[in-house]
Amino acid sequence: MTILQAMDIGISFGGVKAVDGVSFSVSPGQILSIIGPNGAGKTTLFNVISGVYTASRGTIHLSGENVTGLAPHNLATRGLSRTFQNLQIFQRMTACENVMVGRHLREKCSLLPALFRMPAVTRQNRETRAAALELLSYVGLKDSADVLAGSLPYGACKRLEIARALAAEPRVLLLDEPAAGCNAVETEEIDHLIRQVADRGVAVVLVEHDMKLVMKISDRILVLERGRPLAEGSPREVRDNPKVLEAYLGRHGAQEAARA
Amino acid sequence: MRALVNQRFTTLAILAVVIAVLPLIFPSSYYFRVASLVWVSALAAIGLNILMGQAGQVSLGHAAFFGIGAYAVAIGPAHLGLPTWAALLIGALLSAALAFLVGRPILRLKGHYLAIATLGLGVLVALVISTESRWTGGPDGMPVARLTLFGWRVTGSDTWYWVTGGLLLIGAWIALNLDETPTGRAFRALHDSEVAAQVVGVDVARFKLQAFVIAAVYASLAGSALAMMNGFINPDQAGFLHSVELVTMVVLGGLGSVVGSIVGAALLVTLPQVLTVFHEYEHLLLGLIIIVSMIFMRSGIVPTLSSLFFQRTRS
Numbered sequence: 000m001t002i003l004q005a006m007d008i009g010i011s012f013g014g015v016k017a018v019d020g021v022s023f024s025v026s027p028g029q030i031l032s033i034i035g036p037n038g039a040g041k042t043t044l045f046n047v048i049s050g051v052y053t054a055s056r057g058t059i060h061l062s063g064e065n066v067t068g069l070a071p072h073n074l075a076t077r078g079l080s081r082t083f084q085n086l087q088i089f090q091r092m093t094a095c096e097n098v099m100v101g102r103h104l105r106e107k108c109s110l111l112p113a114l115f116r117m118p119a120v121t122r123q124n125r126e127t128r129a130a131a132l133e134l135l136s137y138v139g140l141k142d143s144a145d146v147l148a149g150s151l152p153y154g155a156c157k158r159l160e161i162a163r164a165l166a167a168e169p170r171v172l173l174l175d176e177p178a179a180g181c182n183a184v185e186t187e188e189i190d191h192l193i194r195q196v197a198d199r200g201v202a203v204v205l206v207e208h209d210m211k212l213v214m215k216i217s218d219r220i221l222v223l224e225r226g227r228p229l230a231e232g233s234p235r236e237v238r239d240n241p242k243v244l245e246a247y248l249g250r251h252g253a254q255e256a257a258r259a
Numbered sequence: 000m001r002a003l004v005n006q007r008f009t010t011l012a013i014l015a016v017v018i019a020v021l022p023l024i025f026p027s028s029y030y031f032r033v034a035s036l037v038w039v040s041a042l043a044a045i046g047l048n049i050l051m052g053q054a055g056q057v058s059l060g061h062a063a064f065f066g067i068g069a070y071a072v073a074i075g076p077a078h079l080g081l082p083t084w085a086a087l088l089i090g091a092l093l094s095a096a097l098a099f100l101v102g103r104p105i106l107r108l109k110g111h112y113l114a115i116a117t118l119g120l121g122v123l124v125a126l127v128i129s130t131e132s133r134w135t136g137g138p139d140g141m142p143v144a145r146l147t148l149f150g151w152r153v154t155g156s157d158t159w160y161w162v163t164g165g166l167l168l169i170g171a172w173i174a175l176n177l178d179e180t181p182t183g184r185a186f187r188a189l190h191d192s193e194v195a196a197q198v199v200g201v202d203v204a205r206f207k208l209q210a211f212v213i214a215a216v217y218a219s220l221a222g223s224a225l226a227m228m229n230g231f232i233n234p235d236q237a238g239f240l241h242s243v244e245l246v247t248m249v250v251l252g253g254l255g256s257v258v259g260s261i262v263g264a265a266l267l268v269t270l271p272q273v274l275t276v277f278h279e280y281e282h283l284l285l286g287l288i289i290i291v292s293m294i295f296m297r298s299g300i301v302p303t304l305s306s307l308f309f310q311r312t313r314s
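Residue numbers (numbering that gives the first Met the number 0), protein chains in the order written: chain A, 0 to 259; chain B, 0 to 314.
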């Protein structure tokens, strides 16, 4: 059963085809990794899928519904959530508030009761905070709940983004380089986290440069090169694909992959 | 959470005590008048701070809504035979409607572009007010009928002190309420990262518009209060300089801080009065004070001082 299906996606910027004819699909509980050298169009593809950019061609289906061209918040309503390669946390809010914003779609959000602070608003706040705290402890940030997110270390921010994305209870989660800039221990933690999320039935699409991580946790891998799909298959198939080995993982990447 | 609830309560309690105690040290009715001016300006500034400090959107034309509120209570009774309180509500509704209609297209703009667009709105409204002299009295302004509530004629500077003080308390209470709600969090989230707010489902356009409308209603009510208090109104209240003054109150006092808006309003209203002893250097000194405090208290007077205070008490 496919939950997210992208078909023949293309987008160009001023004549440069950043993504050109890319298709993929992912099922609940599955981890699909998208890899490729810098500038291959991975993040651009993510931006198209999550509605930040509008594709110039191709269609996207989410749970069978055509969602091509929908705004990000409409896609979020339909169960798609994501994290960002360059951190996009709410710096001036506490870690807990960041995750509480992630609960936005699960909250009743009407203006007048909020302005006059009806009891229902206070009650809902308490529930949202409890849910946020639970997610924070899930990603190991419980002790930082009331710390301003802007003063958290980098690795913690990465996990905070994942917690915020999870707070929306997505059915599809797009993770853009969740392990970038993290040390080996942190990468290990994130690896566990992603696996757990997928085991709960969430479809995970992952962009990542850490080949060890990718080879270990992916069910399938899609390789991009200059915006075009180069190969797709299981980690083993991709690793053994001579085209991928030589041209895109390079000699060093191939060695690392072989060790994993 | 507990700390936040208490903080909200403490802020309101302190504000109420200040409003209640100040008259004890006022030597003359002139002081009641100045203080009422502070409360009215603070009300408008608190509203603008929801837009600027929380949702992070600038408005350089906010006096337009102040002017609409003010002229509503002038024109309503004078030309349309409406009771003043009804004119006040209609003014607030008109401001909300204008903010809603204009906000939709212009809140797509960001930063400087939004500043210019809101400036244009302000200039336009001020222009209409000063040229439609048949209705508004033109550049000379027009008198405002006294407010009568259930047969009680609201007049006198001490009466207006309590009315405006009460309005300010309500305005502050509502603004503080908003902070810890899904709406308040959505405002602050889109301020920090629009794209991140969108991908968790925040309809950014809708919330920007809400903040704009709320800010417009605050300004409109403040404008109505000032017009009724003064019994007279002129187009300057809707003009560009007044818009700039409101923005200065918000930024000087502290973006995102309700108390900051009140402090900013207090400074901008009282300093010119205090500085009159320096005669022709009055404006020079006012400018200097603003520049220096922005250099040394970049995030605004109240946030800077409170973070200093908390650092001290912690160490």
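Certain hints may be false.
Claimed, not checked - Partial list, derived from the structure: chain B residues whose beta carbon lies under 10 Å from chain A:
no., residue
1, Ala174
2, Val199
3, Gln209
To be verified - Example chain B residues on the side facing chain A (calculated, C-beta under 7 Å, incomplete):
no., residue
4, Arg133
5, Thr158
6, Asn176
7, Asp178
8, Thr180
9, Glu193
10, Ala195
11, Val198
12, Gly200
13, Val201
14, Arg297
15, Ser298
Bear in mind the hints are in silico, worked out from the structure with no lab data behind them.
Every residue, glycine too, gets a C-beta built ideally from N, C-alpha and C.
message: Does Gln209/B hold up as a contact with chain A if the rule is Cβ-Cβ below 10 Å?
response: It holds, given that the least Cβ distance between Gln209/B and chain A is near 6 Å, below 10 Å.
- prompt: Given Ala174/B as an interface hint, is the shortest Cβ-Cβ distance to chain A below 10 Å?
  reply: OK, holds: Ala174/B within 10 Å of chain A, min 9 Å.
message: Does the closest beta carbon of chain A sit nearer than 7 Å to the beta carbon of Ala195/B?
response: With Cβ-Cβ at 4 Å, under 7 Å, it holds.
message: Does the closest beta carbon of chain A sit nearer than 7 Å to the beta carbon of Ser298/B?
response: Constraint on Ser298/B not satisfied, violated at 10 Å.
message: Checking hints one by one. Is Val201/B an interface residue toward chain A, by the C-beta closer than 7 Å rule?
response: Interface hint status for Val201/B: holds (5 Å vs cutoff 7 Å).
- request: Using Cβ atoms only, decide whether Arg133/B comes closer than 7 Å to chain A, and label the hint accordingly.
  value: It is violated, given that the least Cβ distance between Arg133/B and chain A is near 37 Å, above 7 Å.
field: Interface hint status, Val199/B versus chain A (Cβ within 10 Å)
entry: Cβ of Val199/B sits 5 Å from chain A, so the hint holds.
message: Would the hint on Thr180/B be counted as holding, given a Cβ-Cβ threshold of 7 Å to chain A?
response: This interface hint holds because 4 Å falls under the 7 Å limit.
query: Taking the least C-beta to C-beta distance, is Thr158/B closer than 7 Å to chain A?
result: Where the cut-off is 7 Å and the nearest Cβ of chain A is about 26 Å from Thr158/B, the hint is violated.
field: Gly200/B as an interface hint toward chain A, with CB separation required under 7 Å
entry: 4 Å, holds
query: Should the hint that Asp178/B touches chain A count as held when the rule is a Cβ pair under 7 Å?
result: 10 Å, violated
task: So, Glu193/B near chain A? Judge it on the closest CB pair being under 7 Å.
output: Violated, about 9 Å.
Hints 4, 5, 7, 9, 14, 15 from the earlier list are contradicted by this structure; the remaining hints agree with it.
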